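A.B. asks: Sequence:
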Amino acid sequence: MCADDDERAKGFTLTTTIDIPAVDTFLTDAQERGRVETPELEALALELDLGEVALEEVRAALADRAIPVDGADDADETDAVAAAEEATWAADTSQMLTDSLQLFLQDVGKHKLLTASEEVTLAKKVERGDLRAKERMINANLRLVVSIAKKYRGHGVPFLDLIQDGVIGLNRAVEKFDWRKGYKFSTYATWWIRQACQRAISNQGATIRVPVHVQERQQKLARARQRLEVKLEREPTIEELAKETGLKESHIEEALSTADASVSLNQSVGSDGDGELGDLFADRSAVDPADEADETLQRLEVRRAVEGLQEPDRRVLELRFGFTGDQWTLEAIGKELGLTRERVRQIESRALTRLQHQLKDVVRADGGDVVLAA
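Under this note's numbering, the first residue of the sequence shown carries the number 1, and numbering increases by one thereafter.
Please keep in mind that the hints were generated in silico from the structure rather than gathered at the bench. Quantities reported herein were computed from a predicted structural model and do not represent experimental measurements. Some hints could be false.
[What the hints assert, rightly or not] Below are the SDA-like pairs computed for lysine to any residue, each with C-alpha atoms no more than 25 Å apart in a straight line: (1) K150 to Q219; (2) K184 to R172; (3) K134 to L160; (4) K151 to R59; (5) K124 to N171; (6) K134 to R199; (7) K110 to V167; (8) K184 to E127; (9) K151 to R227; (10) K248 to T237; (11) K243 to E253; (12) K248 to S202; (13) K134 to V167; (14) K150 to L101; (15) K151 to I168; (16) K243 to Q31; (17) K335 to G322; (18) K134 to V120; (19) K124 to V108; (20) K125 to D178; (21) K176 to V108; (22) K176 to Q164; (23) K181 to P68; (24) K124 to K184; (25) K125 to K176; (26) K151 to P68; (27) K134 to K176.
Using the sequences and the hints given, assemble the complete structure.
C.D. replies: As structure tokens, then:
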């Protein structure tokens with residue numbers, strides 16, 4: 001996880017949490033829309049590094065304002081999901097493709113679910129540093145990890161990798177679970193597992209990393225778009241998507257603009273596949289071949305003209321304009337040839353005049369510099 005776990009676990013007091021400007025803005029926006037989605041609430045917690053206590057305070061503030069939280073019962077449903085999978089586990093594992101995944105799921109099915117009293121007993125032992133109790137709590141809730149990871153398939157991360165990251169989230173949940181607060185462990189662990197899966201998708205699922213909250217909006221938009229396409233029998237507009245999801249149009253446009261998949265510049269194109277996509281893009285910084293050829297020819301003409309000058313004109317121009325290396329100053333040339341600085345300047349001016357007459361269309365004198373004509 002990207003946030004500091006200890007600080008996240010502590011949370012904030014009611015006054016501190018509600019007084020945070022971002023939380024106040026979130027509540028105001030939610031009240032204007034008349035509802036809020038669970039992914040939005042979780043994204044707020046991730047962005048502000050809110051602990052579980054602080055999250056409950058935000059939920060209480062939403063309840064006080066009579067603002068419904070869509071999908072708020074998902075966490076409670078995880079218990080029912082896990083119980084249902086107890087009966088259908090064998091059927092699920094038989095549908096999996098990879099041997100390693102089959103072995104893992106079969107092993108998960110061997111661990112029994114915990115009762116509420118067993119969760120409390122094990123949590124107390126975990127607090128005292130009992131590693132066996134921690135391992136048992138993790139093993140007993142691996143079904144929950146698989147159930148949640150299934151919902152995040154199809155986003156560019158292999159299913160086994162999602163499960164692995166979900167187990168990491170489960171491990172942190174076991175370490176941070178406070179049995180004194182009275183809520184079920186599955187309810188608490190669901191948040192950690194979801195965040196771990198979402199973080200995995202954010203880090204691994206795309207060539208260009210997309211923030212977690214944007215990915216959540218993309219998933220929500222995809223579901224809403226499917227519903228509206230069936231209902232309207234056409235592609236829904238931005239306004240219709242905003243009304244369906246309760247999101248701002250600017251947020252929808254942002255999510256849609258980042259949803260396009262990356263394309264390799266080496267992708268084959270053409271009927272014969274003998275070209276690459278990158279060949280179709282112009283390099284704006286590249287020099288036009290025709291211009292480069294003209295410039296090369298002009299340089300050759302200038303070089304020949306300079307070599308045709310008599311001494312000391314030729315030598316002065318070669319040193320002054322770096323024909324043989326670095327450009328020399330008038331003073332340095334004077335010391336080299338045993339001449340004064342003013343005498344070198346006069347020779348340079350005379351040589352440029354003669355050169356200009358020889359190459360009227362190629363060279364011109366411009367402020368003391370030799371410049372190739374356009």
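A.B. asks: Are any of the numbered hints broken by this structure? If so, which, sorted upward?
C.D. replies: none
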